[in-house]
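Counted the way mature numbering (1 follows the signal peptide of the UniProt record, and there is no 0) counts, the sequence shown spans residues -21 to -1, 1 to 125.
Calculated directly from the structure, the hints in this document are not laboratory data. Incorrect hints may have been included.
Beta-carbon label-pair distances, calculated as ranges [said to hold, decoys possible]:
{"id": "1", "residue 1": "Ile118", "residue 2": "Gly12", "range": "45 to 51 Å"}
{"id": "2", "residue 1": "Ala81", "residue 2": "Pro40", "range": "22 to 28 Å"}
{"id": "3", "residue 1": "Glu13", "residue 2": "Cys80", "range": "16 to 22 Å"}
{"id": "4", "residue 1": "Asp19", "residue 2": "Glu77", "range": "20 to 26 Å"}
{"id": "5", "residue 1": "Asn86", "residue 2": "His35", "range": "17 to 23 Å"}
{"id": "6", "residue 1": "Cys80", "residue 2": "Gly33", "range": "21 to 27 Å"}
{"id": "7", "residue 1": "Ile118", "residue 2": "Arg9", "range": "39 to 45 Å"}
{"id": "8", "residue 1": "Ile124", "residue 2": "Glu13", "range": "54 to 60 Å"}
{"id": "9", "residue 1": "Val37", "residue 2": "Asp76", "range": "37 to 43 Å"}
{"id": "10", "residue 1": "His87", "residue 2": "Ala14", "range": "26 to 32 Å"}
{"id": "11", "residue 1": "Ser16", "residue 2": "Asn74", "range": "29 to 35 Å"}
{"id": "12", "residue 1": "Ile124", "residue 2": "Asp19", "range": "43 to 49 Å"}
Idealized CB from N, CA, C, for every residue including glycine.
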Amino acid sequence: MNYSALVLLLFGLLVLKEANCLQKRCIRCRSRGEAGSCRDPFPTNVTETEAQAGIHVVACPSGWCAKLIQGTTGAFRSDDYGAATQRMCLQRSPNDDEERCAYTMWNHKKVYMCFCNGDLCNSALRTSTFPVTILLSFIVTIYSIL
């Protein structure tokens, strides 16, 4: 068996995983109502956000993104004209480091908020290349051992 190739491959996977963590980005936008560009389902392809006004892809050092929906409880004030959806990067991770969606208090208002950890995870599409990389590396390792 070629253990040095296996060790090198595992080291490469570790470096790839760490490099992927350094590149985490989030969608940043805010809009109200049905016609808003930040609403659910997210109408914009995350690779083409420059073409859509008000939608930005921003670097997120914490790696944690959020989506906040305000005004979904049906108790709109007279100046409200629809639910507001906001997507953002969080400055720090949640205390328990768990991805989840739940009702919470934000700026003294009850909102529905989702936390996620990953590159562009607060968009409609969530893609992860790491499991594919592991699978391909495993196949190459088995092939080189045999």
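Practice task
Please write out, lowest number first, the hints stated earlier that are contradicted by the structure.
Solution key: 9
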